[in-house]
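S.K.: Residues per chain, in single letters:
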Amino acid sequence: MIAQATGIPKDALDNTIVSVRDLEVQFQTTDRRATVKAVDGVSFDVRRGETFGIIGESGSGKTTIGRALVFLLKPSAGAILHDGIDPLALPRKGFQNHRRDYQIIFQDPNAALNPRMTILASVLEPLELARAGTRAERLARAREAMDRVGLPQETGERYPHQLSGGQKQRVVIARALTLRPKLIVCDEVVAALDMSIRGDVLNLFAELQRDLGLTYVFITHDLAVVSHISERVAVMYLGRFVELGPTDKVSERPLHPYTQALMSAEPRPLPSSMRDDHRIVLQGEIPSPIDPPSGCRFRTRCQYAQALCAARAPDWRELMPDHWVACHFADRPNFSPN
Amino acid sequence: MQTAEPAQRRSDAAAAGGSSALMSVRGLGIRFKTSHGIWQATRKIDFDIAPGERVGIVGESGCGKTITGLSIARLLPNNFAGLDGSILFDGVDLATCSVREMRAIRGRRIAMIFQEPMSALDPVFTVGHQIAETLRVHTGIAKEEARAKTLDMLRRVGIASPERRIDDYPHQLSGGMRQRVMIAAALICGPQLLIADEPTTALDVTVQAQILQLLRDLSATSNTALMLITHDLGVVAETCTRMITMYAGEVIEDAAVDDALVRPLHPYTSGLLRSLPHLSPRGGKLPSIPGRVPSILDMPNGCRFKARCPHAVAGCEAEQELCDAGGGRKVRCWRFRELELPGALQHLGSAPIAAMVSRP
Ligand SMILES: Nc1ncnc2c1ncn2[C@@H]1O[C@H](COP(=O)(O)OP(=O)(O)OP(=O)(O)O)[C@@H](O)[C@H]1O
Ligand SMILES: Nc1ncnc2c1ncn2[C@@H]1O[C@H](COP(=O)(O)OP(=O)(O)OP(=O)(O)O)[C@@H](O)[C@H]1O
Ligand code: SF4
Ligand code: SF4
Ligand SMILES: [Mg+2]
Ligand SMILES: [Mg+2]
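Protein chains in written order, with our numbering: chain A, 1 to 338; chain B, 1 to 360.
Source of the hints: derived by calculation from the structure; they are not laboratory data.
This one's a predicted model, so the numbers in the text were calculated from it and none came from an experiment.
Where a beta carbon is used, it is the ideal one built from N, C-alpha and C, also for glycine.
Among the clues, some could well be false.
Only part of the chain B face toward chain A is listed, based on derived beta-carbon distances under 7 Å [what the hints assert, rightly or not]: (1) Ser20; (2) Ser24; (3) Gln40; (4) Ser86; (5) Gly176; (6) Gln192; (7) Asp204; (8) Ala209; (9) Gln213; (10) Val235; (11) Asp258; (12) Leu261; (13) Leu272; (14) Pro290.
In isolation and in its complexed conformation, chain A is listed as follows (with noise of 0.2 Å):
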């Protein structure tokens, strides 16, 4: 019924795991003379069994939204649908058993650990919350969890600050993953691991996906993480999708001036003999989300700006197939980085 409500055809639910329609969520700012606007009406699907990218700028609100569709914070407005449902609109208890199933785990592992618990109790505790299983049966899950993200035995019995940054981040996807949940939104996840272990983690995320069914928002900095485990991904600027498509195609053509800035300001692990300089210098200063520009977000940082675009914001348009974007030109022929 509340499908109907938000204008959801029927038959996209079964495939969509979350809904997120015309999403905003505002915050005070100190004084209480301002509002931030975090999140300014952003609206997607997230289809079961797929991994879906969030890259953009720092501050853009991708962690707003994250905890958004995990309901950790409630919406200023908009609607918020898993499998379909309004988990809100659910009594009390049945909301805390649905959360379960729909995990964040957050970039800074210190503000997701108990400094006084062990590492292994650590990851014991949601197996023991949720009563899952014998005692022996937990401890088992909890050390297999342990071992598949690459934390030795020994480290169960330290405690967080006897770890380096990157192990502490292990200890916090074991515990996610004890409770197998259906979703889980990684903001930053695998930033603090090295190339080899984090090649290990992706690896065990993607097994896991393909054994369990999990669905991942995999919120990241590093396009070459997003491109190679998300099958599509959004970019934010600003409080807004500026554009949404498959992966290959956003980043080998993307359609957005800020993507292709984006796109072109990655760091390449090249000796300098070989790296030109490709990059788009974004000009200007990075607006503030308690005032943004009018019309289009990006205008005063694009090179493609003109008038039209400080009268009237851009539509979200569906460009091709599958792939949409938030830009008056996006679609004249001449328009492109080159």
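Take the given structure of chain A and dock chain B with the ligands to it, following the hints.
M.R.: For chain B with the ligands alone, coordinates are given in the frame of chain A:
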């Protein structure tokens, strides 16, 4: 090593020896007290940093990068059991100098950006207060002036409308903004050495490019030396002059960045270059280095990489020293002369990285 690198990518000062170094680290190691007794977390760490030099420190998670940075800043955890070796910084041995001497150096002449910005910022003070206080403690300037300088620094690290953000508390900022606040706090006193632990992993690549540019400019204009700890070899390639690779608590390779990328001398460095995700097709399995870092409890004799090294032979169980490999390079592997190891370029033909090179 036929790379035609520009002069500034060569670390001439370091190659010439320690005399011109700003900091000379020799035999540095750290021990911890744990429930299993005393652990040697790092050992035999030797390297120099010249003024204005930019050195990248890379290596597997848990190999001791952060602890090495913290040892230099003498910010040691409370279960620490002892420091070995010496850290000569501008004539003062930081490993043995008094707490008072250290306090005068840390924050002002040596600044550190921490890996976890949320834990390094105090949640009860506004970010502006935290930065301005650092400046006031070290320089004693007036409040208004400190605030003006703080605003300017926040702008330089790319915070939009800093006058509206300066009175925010850390939890009101995004991860990347907190990181930039940390960077501003570290730079505010104009340090001679900046130890930056994963300073840009929380930032999008356009802001990252801006911060890396700022760090490069500082090293060029203020002669600030940079010790950049990161997992991102792309960041090292674009920012640093030299790359030091660590493994299981030891330095295993030290070379000019271009040399290390083109022709790594240590099998571990070569393995790291192979695991870059740029090099594998989407959805495919990412190559990783098989096996795990040995546990501190069970460290093998001789080469610590032996159990995972495809080139291990009889002889590798002997203690490995950091050998001089010529051309300002050092490596902790006795077979370096005979091994021809692939670097980042060898993968070019097959992979998406080829597209990246030619892309406009
Ligand atoms: N609790 C809060 N109170 C006030 N403002 C907030 C709060 N949480 C987030 N914000 C603001 O909302 C905006 C979006 O923040 P968010 O953390 O979602 O960004 P992000 O895209 O995850 O950035 P990053 O890549 O840097 O982590 C920022 O301007 C941030 O300062
Ligand atoms: N207080 C402590 N007590 C005992 N062991 C510790 C302590 N702090 C760190 N260690 C151990 O020392 C080793 C080196 O840790 P360090 O934090 O330097 O790693 P790192 O190279 O920075 O890794 P990462 O890339 O994951 O941040 C790790 O194995 C870690 O578990
Ligand atoms: S709408 Fe205009 S300002 Fe916005 S991205 Fe397109 S060209 Fe640039
Ligand atoms: S010493 Fe032997 S085992 Fe160690 S890196 Fe060299 S070849 Fe490999
Ligand atoms: Mg974030
Ligand atoms: Mg570290």
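S.K.: All hints are to be evaluated individually against the structure, with a verdict given for each.
M.R.: Comparing the hints with the structure gives:
With its C-beta approaching chain A no nearer than about 23 Å, B/Ser20 sits outside the 7 Å limit, and its interface hint is violated. About 25 Å separates the beta-carbon of B/Ser24 from the nearest beta-carbon of chain A, more than 7 Å, and the hint is not met. This hint is violated: B/Gln40 has a C-beta 14 Å from the nearest C-beta of chain A, more than the 7 Å allowed. This hint is violated: B/Ser86 has a C-beta 24 Å from the nearest C-beta of chain A, more than the 7 Å allowed.
For B/Gly176, the interface hint holds, the least distance from its beta-carbon to any beta-carbon of chain A being 3 Å, beneath 7 Å. Among the interface hints, the one on B/Gln192 is violated; its C-beta lies about 26 Å from the nearest C-beta in chain A, farther than the 7 Å criterion. Annotation: B/Asp204 was flagged as interfacial toward chain A, and the flag holds, the nearest CB pair being 5 Å apart, inside 7 Å. For the restraint placing B/Ala209 at the interface with chain A, the shortest Cβ-Cβ distance is roughly 5 Å, inside the 7 Å limit, so the hint holds.
At its closest, the beta carbon of B/Gln213 sits 9 Å from a beta carbon of chain A; the interface hint therefore is violated under the 7 Å criterion. About 5 Å separates the beta-carbon of B/Val235 from the nearest beta-carbon of chain A, less than 7 Å, and the hint is met. Interface restraint check for B/Asp258: the shortest CB-CB distance to chain A comes to about 4 Å, inside 7 Å, so the restraint holds. A distance limit of 7 Å between C-beta atoms decides the matter here; for B/Leu261 the minimum to chain A is near 5 Å, and the interface restraint holds.
Here the hint on B/Leu272 is kept, as its CB sits about 6 Å from the closest CB of chain A, short of 7 Å. Taken as an interface hint, B/Pro290 does not check out: its beta carbon lies about 9 Å from the nearest beta carbon of chain A, beyond 7 Å.
Hints 1, 2, 3, 4, 6, 9 and 14, counting from the list given before, are not met by this structure.
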